[in-house]
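Trainee: Chain residues, written in single-letter form:
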Amino acid sequence: MNFWKQFKPKCCSVKLKAADKPQALEELIDNLVKADALPEELRADAVTALAEREELGSTGVGQGVAIPHVKLKGIDRVVCSVSIHKEGLEWAAIDGEPVNIFFTVLRPERAGEEHDPERHLEMMTWIAKLAREPDFRRFAGRAKTKTELVDLLKEMSTV
Amino acid sequence: MEAARSVTIVNPEGLHARPCHAIVSVALEYGCTLAVTCAGVEADGRSILSLMTLQAAQGSELELRAVGDGAEDLLRRLAELVAAGFQA
Chain A
0 MNFWKQFKPK
10 CCSVKLKAAD
20 KPQALEELID
30 NLVKADALPE
40 ELRADAVTAL
50 AEREELGSTG
60 VGQGVAIPHV
70 KLKGIDRVVC
80 SVSIHKEGLE
90 WAAIDGEPVN
100 IFFTVLRPER
110 AGEEHDPERH
120 LEMMTWIAKL
130 AREPDFRRFA
140 GRAKTKTELV
150 DLLKEMSTV
Chain B
0 MEAARSVTIV
10 NPEGLHARPC
20 HAIVSVALEY
30 GCTLAVTCAG
40 VEADGRSILS
50 LMTLQAAQGS
60 ELELRAVGDG
70 AEDLLRRLAE
80 LVAAGFQA
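Listed in order, the protein sequences are those of chains A and B.
Numbering that gives the first Met the number 0 puts the first residue of the first sequence at 0, with every later residue one more than the last.
Numbering that gives the first Met the number 0 puts the first residue of the second sequence at 0, with every later residue one more than the last.
Take these hints with a grain of salt, some might be off.
Per label pair, the in silico range of CB-to-CB distance [as the list claims (entries may be wrong)]:
| # | chain 1 | residue 1 | chain 2 | residue 2 | range |
| --- | --- | --- | --- | --- | --- |
| 1 | B | Ala3 | A | Asp29 | 34 to 40 Å |
| 2 | B | Gly67 | A | Glu39 | 48 to 54 Å |
| 3 | B | Pro11 | A | Asp29 | 29 to 35 Å |
| 4 | A | Arg109 | B | Ser59 | 27 to 33 Å |
| 5 | A | Lys14 | B | Thr7 | 28 to 34 Å |
| 6 | A | Lys14 | B | Ala78 | 40 to 46 Å |
| 7 | A | Arg42 | B | Glu62 | 43 to 49 Å |
| 8 | A | Glu54 | B | Ser5 | 38 to 44 Å |
| 9 | B | Ala3 | A | Glu121 | 42 to 48 Å |
| 10 | B | Asp72 | A | Glu54 | 24 to 30 Å |
| 11 | A | Ala110 | B | Glu62 | 36 to 42 Å |
| 12 | B | Ala38 | A | Glu86 | 25 to 31 Å |
Quick caveat, the hints were computed from the structure, so don't treat them as lab data.
Each residue gets a CB set at the ideal place from its N, CA and C atoms; glycine is no exception.
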């Protein structure tokens, strides 16, 4: 599986600075905009969509991992990142533990040439398998650079 | 106490993160173990990440098996949740 190729180092972060959930959602989206992976004009919509998704139920899936993900109007392919917050953030996760690994996934509203919903479900499954791996969580938390972080995804792409 | 039940995923998006969250939230109210099997693959019904690995699409049949106090009640609630397309 080559889902790791969707994660560009410039979209990711090994040192999120946010102090709380709203700041983190802004920072995660800012990083995608700065990397030119998400158009500036969609910044506000993306932050709002992620915040609304969190209100439906926390994306903190346990074991220090959150998967903030939404459908977003205006994109024609998946935009995603993996980011680390060294200290961990309160995220109302299912297990009550702070979150330090964030998989952000924005996807188009509809299927299209660049977006296959079935393939997307496979990618989400891959993310879940990866996140369950203690080795992944340990090494991701220690990554010093964005490239190192994405290399880890590549290395563990066959989970 | 032990209970088992089959349910079919009816919501169009299948067993994605939010439905998994809904299942786990209910399961954690009970002291039971909960195994969820789909196409021969078994997941821990008390873990969102584990449930997400089932990749259960719309139309998939899930076998629920709970062991412990309130097992039947747990499965009754989960069956209602799944049948309602996780809208309840």
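Trainee: State for each hint whether it applies.
Mentor: Evaluation of the provided hints:
| no. | hint | in the structure |
| --- | --- | --- |
| 1 | B/Ala3 / A/Asp29: 34 to 40 Å | violated, 48 Å |
| 2 | B/Gly67 / A/Glu39: 48 to 54 Å | holds, 52 Å |
| 3 | B/Pro11 / A/Asp29: 29 to 35 Å | holds, 32 Å |
| 4 | A/Arg109 / B/Ser59: 27 to 33 Å | violated, 22 Å |
| 5 | A/Lys14 / B/Thr7: 28 to 34 Å | violated, 45 Å |
| 6 | A/Lys14 / B/Ala78: 40 to 46 Å | holds, 45 Å |
| 7 | A/Arg42 / B/Glu62: 43 to 49 Å | holds, 44 Å |
| 8 | A/Glu54 / B/Ser5: 38 to 44 Å | violated, 33 Å |
| 9 | B/Ala3 / A/Glu121: 42 to 48 Å | violated, 29 Å |
| 10 | B/Asp72 / A/Glu54: 24 to 30 Å | holds, 28 Å |
| 11 | A/Ala110 / B/Glu62: 36 to 42 Å | violated, 30 Å |
| 12 | B/Ala38 / A/Glu86: 25 to 31 Å | violated, 40 Å |
Of the numbered hints listed earlier, those contradicted by the structure are 1, 4, 5, 8, 9, 11 and 12.
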